[in-house]
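Protein chains: 2
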Amino acid sequence: MSIRVGIYGYGNLGRGIESAIRQNGDMELAAFFTRRDPSLLVTKSADVPVYPASEVEAHADEIDVLILCGGSATDLPVQTPALASKFCVVDSFDTHARIPEHLLAVDAAAKNGGKTALISCGWDPGMFSLNRLYAGAVLPDGKDYTFWGRGVSQGHSDAIRRIEGVLDAKQYTIPVESALESVREGNTPEFTTREKHTRECFVVAEEGADLARIESEIKEMPNYFADYDTTVHFISLPELRRDHAGIPHGGFVIRSGKTGFEREHNHVIEYSLKLDSNPEFTASVIVAYARAVVKLYREGSFGCKTVFDIPPAYLSPKSREEIIAELL
Amino acid sequence: MSIRVGIYGYGNLGRGIESAIRQNGDMELAAFFTRRDPSLLVTKSADVPVYPASEVEAHADEIDVLILCGGSATDLPVQTPALASKFCVVDSFDTHARIPEHLLAVDAAAKNGGKTALISCGWDPGMFSLNRLYAGAVLPDGKDYTFWGRGVSQGHSDAIRRIEGVLDAKQYTIPVESALESVREGNTPEFTTREKHTRECFVVAEEGADLARIESEIKEMPNYFADYDTTVHFISLPELRRDHAGIPHGGFVIRSGKTGFEREHNHVIEYSLKLDSNPEFTASVIVAYARAVVKLYREGSFGCKTVFDIPPAYLSPKSREEIIAELL
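Chains as they are written, first to last, in my numbering: chain A, 1 to 328; chain B, 1 to 328.
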């Protein structure tokens, strides 16, 4: 029985989901839901209906799992709890500090409706969280580090674009290589913010703009840049479009820890991602977990889950016997 | 309520378990079981009783989980099924091809006795298996590679020691750097055995032994060395003891895969381990999973599990709320 997926919101992540479903033979795309005018939404799946988001509940019987592709700032805190009583849902809520309250709201809705939900799915939170958990459980006497990049930060790029005289911009977060190397060697240093990551900005300025002022406004921006070593490159719009059109990202979770009666042995566990497309990889993680959510729902396991709660085998389209024979 | 652990078999792995338990505040070491004369077994835990293996069943009430530290060739295929109906057990059975039949035998025993078992725990099988599963589920259009080393292979070291004229030997398995690099760049080559790993041997020969014959016997040994580029170094016994006393190991699981409507984006997921002590790290993984086994048992989830079946949160001593707040 194929898993029928609904996509709720059609931006970069929604397109990633649309693409990822095609790589999974046990899933089919059932419908798109959008807050825009459905007749104007151009998808890559001409045969799949597009409905107004406001009418989603009328299509509950056509959807096994609804993937919520909105933003964490204002969309998901409202949408996921509102929909979790009517649909099995997966979201990528990534405001780390607010995850506990989001979990409670979604859990109440899902249990109330007898549905299964998964929040905060993707790679961080998501695969990186899993690796922090596994590594910490295996090496309790240790310390872990998460580095992000090299990759595009949408939030930082947006912050630069709001500066007067800036036409467009792209910001890359870059891990400091010497910090990475130190951790890989099994050291457990305390890093300042500046010692872990640098920020590189490619900025298109309006003609005649005061470049020195723009550069110093970027470098001094609190929270976003002031605590980092930041490099600013002014380039042309054609250059930005040619060289910085992609949305690459990635990062590293590294834990080192000691074992032995005298703590005489050191071990380093490293998990890393090198991603050409952040939204497409995030979507690929979500689609694998959407399969797990449907399996849990069919078993009667309701409520809101996290990646920590889901047995790894549930992510695979293969049977348990196949997985054990081929992968263990 | 503390988790009371029994150690069944006291070699390198058993000592690793003994050490790892001390790093986990929710666990305590309850007893050792040995096939040797208990009065002659010198452990690092003078206050923990040592019993004959033959009397293990008399101590069932004192043990929450029994960790079986025997070998995969002859011990575990007999011991794990025999003990799984009386104890919750964890083993590190690592003969990949025979895992399915081992699972069936242990599952029948565990279900029969109303106990929970976990087989094939450690890092490969174990953490590497998990990473093959997660990466394959997330990037279905891809290919994964497992590299081992740089590390000591006990089986290959033993094979060299059986050659006439050899006093002692240590063999290291080493991944081929150019193969690793190719996979990391997102290529999906087909490798021959020779292209993935090399073998480096440190050999202590008897005085007057024919070194050329020993070297060619090593290099031409079928299955063990003939399919690899092998280097042989003759060294003295003091050198072997000084420079090659440790049991380091490690390795890499790397999957690269494509996403996008035109398969235009590439992604690389890499998991790696760099271990000073193979048995101590294996023991650390087993101890975390022993915790999970006891939790599953207390919930009434009986039978034989694999690492694929266990929700990650079960490995941690922390509460679900703590894990979500701190690690997600």
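A few of these clues could be false.
Since the list gives no way to pick one copy over another, a pair counts as held whenever it fits inside one copy or between any two copies.
Claimed, not checked - With a straight-line cut-off of 25 Å between C-alpha atoms, the simulated BS3-like cross-links for lysine-lysine are:
id, residue 1, residue 2
1, K143, K258
2, K44, K219
3, K111, K86
4, K44, K111
5, K219, K318
6, K111, K295
7, K143, K318
8, K295, K196
9, K44, K295
10, K258, K111
11, K258, K196
12, K111, K143
13, K44, K318
14, K258, K318
15, K219, K295
16, K44, K258
17, K219, K111
18, K86, K258
19, K219, K86
20, K196, K86
21, K143, K196
22, K86, K143
23, K111, K196
24, K196, K318
25, K219, K258
Since the hints were made in silico from the structure, they are not lab data. Fair warning: this is a prediction, and the values are worked out from it, not measured in the lab.
Checked hints:
1. Proximity of K143 to K258 under the C-alpha cut-off of 25 Å is restricted to the intra-copy arrangement: shortest distance 10 Å within a copy versus 33 Å between copies.
2. For the homomeric pair K44 and K219, neither the shortest alpha-carbon distance inside one copy (40 Å) nor that between copies (57 Å) is at most 25 Å.
3. Proximity of K111 to K86 under the C-alpha cut-off of 25 Å is restricted to the intra-copy arrangement: shortest distance 10 Å within a copy versus 37 Å between copies.
4. Proximity of K44 and K111 under a CA criterion of 25 Å is satisfied in neither setting, with 35 Å inside one chain copy and 50 Å between copies.
5. For the homomeric pair K219 and K318, neither the shortest alpha-carbon distance inside one copy (50 Å) nor that between copies (40 Å) is at most 25 Å.
6. Taking the closest pair of Cα atoms, K111 and K295 come within 25 Å of each other both inside a single copy (16 Å) and across two copies (23 Å).
7. In this homomeric assembly, K143 and K318 come within 25 Å of each other (Cα to Cα) only across copies, at 16 Å, whereas the closest approach inside a single copy is 35 Å.
8. Taking the shortest Cα distances, K295 and K196 never come within 25 Å of each other, neither inside one copy (40 Å) nor across copies (38 Å).
9. With identical chains, the CA atoms of K44 and K295 are never at most 25 Å apart, being 28 Å at best within one copy and 46 Å at best between copies.
10. Proximity of K258 and K111 under a CA criterion of 25 Å is satisfied in neither setting, with 42 Å inside one chain copy and 37 Å between copies.
11. For the homomeric pair K258 and K196, the shortest alpha-carbon distance inside one copy (23 Å) is at most 25 Å, but the shortest distance between copies (29 Å) is not.
12. In this assembly of identical chains, the alpha carbons of K111 and K143 never lie at most 25 Å apart, being 36 Å within a copy and 38 Å across copies at closest.
13. Taking identical chains as interchangeable, the C-alpha atoms of K44 and K318 are never at most 25 Å apart, the minima being 28 Å within one chain and 45 Å between chains.
14. For a Cα distance limit of 25 Å, the shortest separation of K258 from K318 across copies, 20 Å, qualifies, whereas the shortest one inside one copy, 36 Å, does not.
15. In this assembly of identical chains, K219 and K295 lie within 25 Å of each other by CA distance neither inside one copy nor across copies; the values are 49 Å within and 51 Å between.
16. In this assembly of identical chains, the alpha carbons of K44 and K258 lie at most 25 Å apart only when taken from different copies (18 Å versus 51 Å within one copy).
17. For the identical chains of this complex, K219 and K111 are neighbours neither inside a copy (47 Å) nor across copies (63 Å), given an alpha-carbon limit of 25 Å.
18. In the homo-oligomer, the alpha carbons of K86 and K258 never lie at most 25 Å apart, since the shortest distance is 48 Å inside one protomer and 33 Å across protomers.
19. In this homomeric assembly, K219 and K86 never come within 25 Å of each other (Cα to Cα): the closest approach is 47 Å inside a single copy and 66 Å across copies.
20. Taking the closest pair of Cα atoms, K196 and K86 never come within 25 Å of each other, the shortest separation being 43 Å inside a single copy and 51 Å across copies.
21. In this assembly of identical chains, K143 and K196 lie within 25 Å of each other by CA distance solely inside one copy; the values are 15 Å within and 32 Å between copies.
22. In this assembly of identical chains, the alpha carbons of K86 and K143 never lie at most 25 Å apart, being 41 Å within a copy and 37 Å across copies at closest.
23. Within a single copy, K111 and K196 get their C-alpha atoms no closer than 41 Å, and across copies no closer than 50 Å, so neither meets the 25 Å cut-off.
24. Neither within a single protomer nor between protomers do K196 and K318 lie at most 25 Å apart by alpha-carbon distance, with minima of 40 Å and 28 Å respectively.
25. Within a single copy, K219 and K258 get their C-alpha atoms no closer than 39 Å, and across copies no closer than 36 Å, so neither meets the 25 Å cut-off.
Hint violations for this structure: numbers 2, 4, 5, 8, 9, 10, 12, 13, 15, 17, 18, 19, 20, 22, 23, 24 and 25, all remaining hints satisfied.
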